[in-house]
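J.: These protein sequence lines map, in sequence, to chains F, D and P. At position 36 of the first sequence the residue is numbered 36 (our numbering), and the sequence of numbers has no breaks. At position 40 of the second sequence the residue is numbered 40 (our numbering), and the sequence of numbers has no breaks. At position 208 of the third sequence the residue is numbered 208 (our numbering), and the sequence of numbers has no breaks.
Just to be clear, a hint being listed does not mean it is correct.
[To be verified] Part of the chain F face toward chain D, derived, beta carbon under 8 angstroms: (1) Lys74; (2) Thr98; (3) Gln99; (4) Lys100; (5) Arg126; (6) Trp130.
No wet-lab data here; the hints were simulated from the structure. Since we're looking at a predicted model, the values are computed, not measured. The beta carbon of each residue, even a glycine, is placed where N, CA and C say it ideally should be.
Listed here are the chains, written in short residue letters.
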Amino acid sequence: MLLTPDSSSKTGSSSKTSAWILSALLLTLAIPSYAQSANPVVEQLLKEYRSEGVTEFSSTRDGNLWQQSFDYSKAPASRSCTSCHGKDIRQKGLHIRTQKEIKPLAPSINPSRLTDEKQIRKWLKRNCKWTLGRECSPQEKGDLLLWIQSQ
Amino acid sequence: MKLITKIRWPLGGALLSSALVIGLSGFAQQAQSSWWGEGHEEGYRAKNAGNPTHIEECGACHIAYPAQLLPKAAWQEILSNLDNHFDEDASLDDATRDELASFLMKHASDSENAGKFKKFTRGIELQNPPIQITELKYFERKHDEINHQRMVINNPDVGSFSQCQACHEKAEQGIFDEDTVNIPNFGRWDD
Amino acid sequence: MPCPLFIDEDFAIKDNSRIKVWDPFVRIFHWSLVLLFIIAFASEDGPENIHVFAGYGISLLVLFRIFWGFVGTRYARFSDFAYGKASQKRYLKSLIKRKPEHYTGHNPAGGLMVFILLGALLMQCFLGMVIISGDGEGPFAGTFLSIFSNPFIEELHDALGHGLLLLIVIHIGGVIVSSLLHRENLIRAMVTGKKNRPKEECSDVTHS
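Could you build the full structure based on these sequences and the hints that come with them?
T.: The structure is reproduced here in structure tokens:
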């Protein structure tokens with residue numbers, strides 16, 4: 001499994017250590033820990049996808065899906081996740097039709113991402129349909145979530 | 001005729017003085033409303049523009065166009081075709097859609113919360129209105145001095161009339177007063 | 001001084017060369033209209049209260065002028081300056097020949113302008129009130145007139161506003177031309193109310 005328990009939360013439980021050690025630890029751990037931090041919302045969704053028959057998720061496989069282009073008869077004729085979100089989701093995106101700014105998707109930059117189950121479901125459904133012309137499979141959805149979470 | 005030549009002076013005087021008093025009273029009202037802060041309701045300022053569901057659901061891909069810009073029938077039309085929303089899938093779950101519907105109905109341009117935006121109902125069929133704000137007669141009239149090609153379409157920072165916020169600096173707060181207009185690469189709009 | 005001095009019944013020396021033409025109400029009306037028109041014109045896109053109430057004021061001024069046109073003093077009455085087409089043509093021709101016919105009150109061209117301006121102003125105020133009736137405001141709110149509150153009427157209101165401005169320019173031009181040709185400051189006459197009495201009327205001492 002790619003998801004390892006969050007080590008920083010364990011440090012916090014050994015309560016009597018002096019405050020500065022704790023903060024120093026938190027600071028140093030905070031940076032690498034985001035990629036692996038257990039996100040209960042994502043966990044829940046992955047569990048659901050597993051129950052639909054997916055055995056293993058990979059955050060690298062969907063890195064490909066993120067870049068992949070799909071052809072359309074209607075404009076924009078070539079569509080990809082990057083059309084609006086960009087290649088680097090730690091940066092702001094730009095809606096390809098309305099030019100509206102899209103806040104970074106990466107939870108490391110924008111911690112409010114991947115925290116609202118309703119929103120995740122809504123956007124996965126809409127945006128898969130827009131980009132791929134169909135809803136994503138549970139496998140694709142899980143892979144995408146993991147990839148986004150790692151950014 | 002004898003009577004009228006007697007009362008013509010007081011009558012004429014009353015008419016003349018009331019004309020002047022009323023004619024100048026607009027200044028007093030203006031001054032009063034700006035001194036007491038009531039001016040906020042006077043301008044193009046949409047009431048309850050900060051509704052979180054509205055901002056979240058309508059403001060993700062484009063600015064959350066204030067409910068006051070379109071009449072009820074237009075919002076109804078838009079909400080019942082969210083799966084093909086100007087060629088995009090913007091479908092919502094029923095609960096969210098109903099919540100939005102009640103907010104939009106309550107603040108539409110033909111609702112009691114329209115305020116000054118009531119003017120956006122001018123010249124349109126309320127039962128069969130256009131669903132694009134830019135097709136409203138009042139919108140066209142208010143933007144007839146804007147050079148569409150130079151200031152909008154070929155302006156790299158605007159691109160389309162649908163980008164309210166490009167020039168209306170406080171559009172996302174529902175404020176469209178003329179003194180908040182700043183056309184990128186052209187400057188403030190002083191008319 | 002066009003008229004000789006004379007001595008009245010009380011043996012006082014009198015100068016009869018000036019004649020009262022514009023009564024105080026005509027003059028107050030005129031300059032109030034100037035003020036309110038400037039306000040209405042300048043606020044066309046600005047604060048709506050100021051524009052709308054200036055318009056109400058102008059409506060009342062026009063109503064007053066119509067009233068005064070029937071019951072006012074001699075030179076204020078419509079009957080004094082409602083000339084036929086023939087007199088208007090003759091007057092304009094006399095202007096071109098630089099030998100203008102003399103009229104104590106409004107000359108035929110000026111009189112025509114009064115009617116045109118009053119009519120246009122009345123129309124303009126009416127259109128303005130039709131427009132705001134669509135927003136549930138003004139005296140026509142809630143009447144059938146509110147269905148005419150549309151951008152076409154607004155364009156018409158705009159156009160008529162500029163038309164009025166043009167009429168005013170012509171009016172001012174006419175006043176300046178007539179003042180020069182008659183050698184009489186007509187603008188001052190609208191302030192003081194007095195004009196020079198023509199020589200042939202010097203013996204006429206009856207007051208209006």
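J.: Now tell me if each hint is right for this structure.
T.: Hints and how they fare:
| no. | hint | result |
| --- | --- | --- |
| 1 | Lys74 | holds, 7 angstroms |
| 2 | Thr98 | holds, 4 angstroms |
| 3 | Gln99 | holds, 6 angstroms |
| 4 | Lys100 | holds, 5 angstroms |
| 5 | Arg126 | holds, 5 angstroms |
| 6 | Trp130 | holds, 6 angstroms |
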